[in-house]
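Chains as they are written, first to last, in the working numbering: chain A, 1 to 384; chain B, 1 to 707.
Mixed in with the good hints there might be a few duds.
List time: in silico DSBU-like cross-link candidates among lysine-lysine, alpha-carbon distance up to 35 Å [what the hints assert, rightly or not]:
{"#": "1", "chain 1": "B", "residue 1": "LYS500", "chain 2": "B", "residue 2": "LYS581"}
{"#": "2", "chain 1": "A", "residue 1": "LYS86", "chain 2": "A", "residue 2": "LYS259"}
{"#": "3", "chain 1": "B", "residue 1": "LYS218", "chain 2": "A", "residue 2": "LYS103"}
{"#": "4", "chain 1": "A", "residue 1": "LYS86", "chain 2": "B", "residue 2": "LYS54"}
{"#": "5", "chain 1": "B", "residue 1": "LYS581", "chain 2": "A", "residue 2": "LYS159"}
{"#": "6", "chain 1": "A", "residue 1": "LYS110", "chain 2": "A", "residue 2": "LYS86"}
{"#": "7", "chain 1": "B", "residue 1": "LYS227", "chain 2": "B", "residue 2": "LYS245"}
{"#": "8", "chain 1": "A", "residue 1": "LYS259", "chain 2": "B", "residue 2": "LYS500"}
{"#": "9", "chain 1": "B", "residue 1": "LYS447", "chain 2": "B", "residue 2": "LYS437"}
{"#": "10", "chain 1": "A", "residue 1": "LYS259", "chain 2": "B", "residue 2": "LYS245"}
{"#": "11", "chain 1": "B", "residue 1": "LYS581", "chain 2": "B", "residue 2": "LYS437"}
{"#": "12", "chain 1": "B", "residue 1": "LYS483", "chain 2": "B", "residue 2": "LYS500"}
{"#": "13", "chain 1": "A", "residue 1": "LYS86", "chain 2": "B", "residue 2": "LYS104"}
{"#": "14", "chain 1": "A", "residue 1": "LYS159", "chain 2": "B", "residue 2": "LYS218"}
{"#": "15", "chain 1": "B", "residue 1": "LYS54", "chain 2": "B", "residue 2": "LYS16"}
{"#": "16", "chain 1": "A", "residue 1": "LYS259", "chain 2": "B", "residue 2": "LYS483"}
{"#": "17", "chain 1": "B", "residue 1": "LYS539", "chain 2": "B", "residue 2": "LYS16"}
{"#": "18", "chain 1": "A", "residue 1": "LYS259", "chain 2": "B", "residue 2": "LYS581"}
{"#": "19", "chain 1": "B", "residue 1": "LYS16", "chain 2": "A", "residue 2": "LYS259"}
Some chain B residues judged to face chain A by a derived CB distance under 7 Å, without partners named [what the hints assert, rightly or not]:
{"#": "20", "residue": "PRO95"}
{"#": "21", "residue": "LYS104"}
{"#": "22", "residue": "VAL107"}
{"#": "23", "residue": "THR117"}
{"#": "24", "residue": "PRO118"}
{"#": "25", "residue": "LEU120"}
{"#": "26", "residue": "ASP211"}
{"#": "27", "residue": "LEU242"}
{"#": "28", "residue": "LYS245"}
{"#": "29", "residue": "VAL696"}
These are computed hints drawn from the structure, not numbers from a lab.
Backbone N, C-alpha and C fix where the C-beta goes; we use that ideal spot for every residue, glycine too.
These are the residues of each chain, in order.
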Amino acid sequence: MNNIYDVIILGAGSVGTPAALFMAQQGQKVLVIDPAPSVGQGSNKAAIGGIRATHSDPAKIRLCLRSLAIFSTWEAQYGDDIEWVKGGYAYPVYGQREEQILKDLLVTQKSYGLNIRWCDRDEMLREIPDLNPEGLIGGTFSPDDGSASPMLSAHAFWKAAVAAGAEFRFQEAPTAILTEGGKVTGVRTNKGEYGARVVVNAAGPWAREVSALAGVDVPVTPDLHEAAITEPVARFLEPMVVDIRPAPGSANYYFYQHKTGQVIFCITPAPQIWGRDRAETSDFLPMVARRMVELMPRLANIRVRRTWRGMYPMTPDGSPIVGWAGAVEGFLQAVGMCGQGYMLGPGVGELLARMVAGTVTPEDEEVLRILSPERAFAGMERLK
Amino acid sequence: MSNYRIDQHPILPNAKREAVPFYWQGQHLVALEGETISSALFANGVRTFGHHHKDGAPQGIFCANGQCAQCLVLADGMPVKSCMELVRPNMRVAPADGLPELPKVPVAAAPSLPETTPELEFPVLIIGGGPSGLAAAAQLGRLGIRVLLIDDKHRLGGKLVLQTHRFFGSVDAVWAGTRGIDIATKLEQQVREQPTVEIWTNSTAVAVFSDHKVGILKDGHNYILVKPQVLLVATGAREKNLLFKGNTLPGVYGAGAFQTLVNRDLVRPSERLFIVGGGNVGLIGGYHALQAGIDVVGLVEAARECGGYKVHKDKLVRMGVPIYTSHTILSANGTDSVESVTIARVDEKFRPIPGTEQTFACDTILIAVGLDPVNEFYLKAREFGMTVFASGDAEEIAEASAAIFSGKITGLEIAKALGYEAGEVPEDWYRMSEVLKSRPGANYAEKAPEWEEGVFPVFHCTQEIPCNPCTGACPQGLIRIDKSDIRQVPAFSQIGANGKGCGGCEKCVTTCPGLAITMVDYRKDPAFPEVSVSYEFLKDNLRVGDIVTVLDTHGHELGEVPVTAVRALKANDRTIAVRLKAPAAIAKQIAGIRVQQPETTSAMEQVVMRTSDDTIICRCGRVTAGEIRQLIRAGYRDINQIKVVTRSTMGACSGKNCGPLIMRIFREEGIAMGDVVQNVSRPLFVEIPLGVFAGVGVGNGEGDDHE
């Protein structure tokens, strides 16, 4: 039958699209279903494009190292310019609290073989000459991290996935995940019914609703972050700059200069703003502008072009949920990326492909233990 | 460099302004006080301001309205929109070639940051101080309602301040017969009289947010949030674009930009102008060009008839401007700016007919192919559930007279929405509003009186349009248009109610906004009667005894006749009455005097065609029509996705210009509109610097007087 697939992926975003590519490349018959009219129209397009492996837990480090490898070689392998730039990530430090946090993390990060180092004040200013030197202590710098365009990446993954044989059905919403005897048998949508022995939940901020279609609860709740982009200017900034000092209204913020010359920036609101209202508020730009201009006075002169709000699908402990849902056989969760779906996507996609093919490695097993849907959700990610 | 200033204008006063020295690429030039960089450059003959970072294409002004970034230059090292930034003494201006360098700021100069962004509350916020915004503000002010009116320009009046011609419409309702520039002053006075109306000029709305606050860039460098109970969007219109080869060459721009340079800044941006589009905007643009001493080489209109008022078209034709109906523009030719234009006849499906191409030398091509409402603020406010109104062109494209009336009605409606006892909007206001908005109606054959004795006016006004100033002009009350429907063509009675006939006062001749009334006086010499025609050019162009070519309503040459009088009466408000002595056989047919000689408008001997197919959809990102077409043919239907691949709609103009053009390509490709997914529109609608949001303004410590 035409509508029988090996795998149905729900969500053509940062995770679902590369997953479809890697599964199709292995010869799986893949269908991706998304209510949006085209690829990456959910949260992918709201991502600002940072890609780093310098996390604090081994699961995310491993997945993102793979992502970095895929993003950085994409153009050479597939031909599309996804605007990858290896600019590194920098965490400049102005206070003892931040120095302590980052230096503690450095030990873990180095133990996983990450290329990251502590820079003193002068080294930091060499990496980022426009930083406000007043009170600058130093900071960490990881030169192998970088950035690319989430939208161009999603588009490129989609094109490659289609070329590899994956099918995409847009403007179609799943209404039921079909099961028989505790096993997945397919998906019903508002337009039809499709059979598959594996269904992947890659629905980002809608993960909980999609999971509920299989009768499984997954603790994913979206919160809201605002971002903005400027006009393009000549290159003046290489790394992503992350300032983890909390301030009234925000926990941290980060910005970088994209390959196009535009500066893209984002803030983490504190307290968190829960919900799905993606309408732009008046608070964000003045708040983030004050922080950015203070950190880098030169930014005062760059013109802001556009602002938007996106959703971070959060989990109770701030780590993603990747793994087979215990209660329903064949139902695979790839959700709760906590705002890092874009950088995790290709690594997670490859892992999902190995899970479906039954070729997981011992390293994968370790990653999956950490990201298990069945875990206790007790801890808290230190560097979200 | 040459002087491209208009030193003398038949309508506009030329106040003496201080000279301001500045530098362009190290060369010493002179601007005038209060002049924008773009106008100062044009006045010195500079029309190419830089080259695009993507493909090196030459860049110049396009909107002249702060809405795009085509005119970017570096001023004392700071990238600025040259159409909005005023020249400062000794400013060093350089072209923006490629991506601009972000100016460095000495850290010591970094000012301390304010804690919060100022927030204000007003019962009513009006965005736009043009005809409808001003009319609404006056109405609300009279009711004692507190209003904040903002406008992004340095003076109020919107596009009225560019309109040197007398207005059509109703004398009673909207000052018909008065020049647009003077209506602006009257409306502004009405608003300034209201103590409850606060006015911020040079203040741009940049976004409407979901928390019902409107972000405003005040005085160019202060960011303020305003939370109104009611928002009125009176932001006017923006010009539609057209796709043709070379459509972004410097020298191709809209009629609004042209009128800004000519009528606001008294700069002669062109010596030879070609116009695309026969609506009122294009026709009036041509007239304004002639008044500014610019040759108008021709005008193309794709339809069989011009869409604008016939009197506007007739006026242009008899001044010697050829109008090519059923013609379209094929290409703008030139390397770094426009050197010529190529047009062709079109068939009934508007396809160019091969072999009909003609090329005309020109340095500027005016695009006047219609207007779209500036409604992004309105749509956002509605999406966010605010109490919001739109009026004037932001609501529906029509004449400025209709915008004034629409503002007046909306003002009352807003008062009611706020719970004021403002009374019902009178029924006949709505009727008048509809009449003022109406498109031209039936056209009748021109019928001059049969008699050839005494003195009387001849009406070369044969089309139903909303206009009645002539009725009030006649002291004997001989000219009638039914007040209940001012669209009728005027009727003339030989004898009035007082038993008196036409006394030959010429009032109707000099009052008619269409310059479509002449007067024939047989009293001195029945064989060679005197014909009075109105004339709005420099008085010194014509002298008694000059021989002039006279033309009929349709621009046909009737003969050459002597000028017998040139009368510039103060009461006639800069319209000159010219008397000619003409043979009786042609006297009643004479509609006007040719002002432009036929050789001015002749085609070049050889047809020139631009070879590169660089029809540009997205000016900011330099995306071609071909790139978009290719994606549509590959099955792309979601504009969001087209945007991802091409970056169209994501540039400095935030898709204001390319959005409608992308839809047009979908239509050309035969795609059902229902299958096309519109892109999401996100603020800001005008780019402003991060430092402004931070509350510290901008600057690099050089030549900087912002703070």
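Against the structure, the hints:
{"no.": "1", "hint": "B:LYS500 to B:LYS581", "result": "holds, 26 Å"}
{"no.": "2", "hint": "A:LYS86 to A:LYS259", "result": "holds, 10 Å"}
{"no.": "3", "hint": "B:LYS218 to A:LYS103", "result": "violated, 45 Å"}
{"no.": "4", "hint": "A:LYS86 to B:LYS54", "result": "holds, 22 Å"}
{"no.": "5", "hint": "B:LYS581 to A:LYS159", "result": "violated, 77 Å"}
{"no.": "6", "hint": "A:LYS110 to A:LYS86", "result": "holds, 19 Å"}
{"no.": "7", "hint": "B:LYS227 to B:LYS245", "result": "violated, 45 Å"}
{"no.": "8", "hint": "A:LYS259 to B:LYS500", "result": "violated, 81 Å"}
{"no.": "9", "hint": "B:LYS447 to B:LYS437", "result": "holds, 27 Å"}
{"no.": "10", "hint": "A:LYS259 to B:LYS245", "result": "holds, 30 Å"}
{"no.": "11", "hint": "B:LYS581 to B:LYS437", "result": "violated, 40 Å"}
{"no.": "12", "hint": "B:LYS483 to B:LYS500", "result": "holds, 22 Å"}
{"no.": "13", "hint": "A:LYS86 to B:LYS104", "result": "holds, 24 Å"}
{"no.": "14", "hint": "A:LYS159 to B:LYS218", "result": "violated, 46 Å"}
{"no.": "15", "hint": "B:LYS54 to B:LYS16", "result": "violated, 42 Å"}
{"no.": "16", "hint": "A:LYS259 to B:LYS483", "result": "violated, 64 Å"}
{"no.": "17", "hint": "B:LYS539 to B:LYS16", "result": "holds, 21 Å"}
{"no.": "18", "hint": "A:LYS259 to B:LYS581", "result": "violated, 72 Å"}
{"no.": "19", "hint": "B:LYS16 to A:LYS259", "result": "violated, 49 Å"}
{"no.": "20", "hint": "PRO95", "result": "violated, 14 Å"}
{"no.": "21", "hint": "LYS104", "result": "holds, 6 Å"}
{"no.": "22", "hint": "VAL107", "result": "holds, 6 Å"}
{"no.": "23", "hint": "THR117", "result": "holds, 4 Å"}
{"no.": "24", "hint": "PRO118", "result": "violated, 10 Å"}
{"no.": "25", "hint": "LEU120", "result": "violated, 12 Å"}
{"no.": "26", "hint": "ASP211", "result": "holds, 5 Å"}
{"no.": "27", "hint": "LEU242", "result": "violated, 25 Å"}
{"no.": "28", "hint": "LYS245", "result": "violated, 26 Å"}
{"no.": "29", "hint": "VAL696", "result": "holds, 6 Å"}
Violated hints, in rising order: 3, 5, 7, 8, 11, 14, 15, 16, 18, 19, 20, 24, 25, 27 and 28; the structure is consistent with all others.
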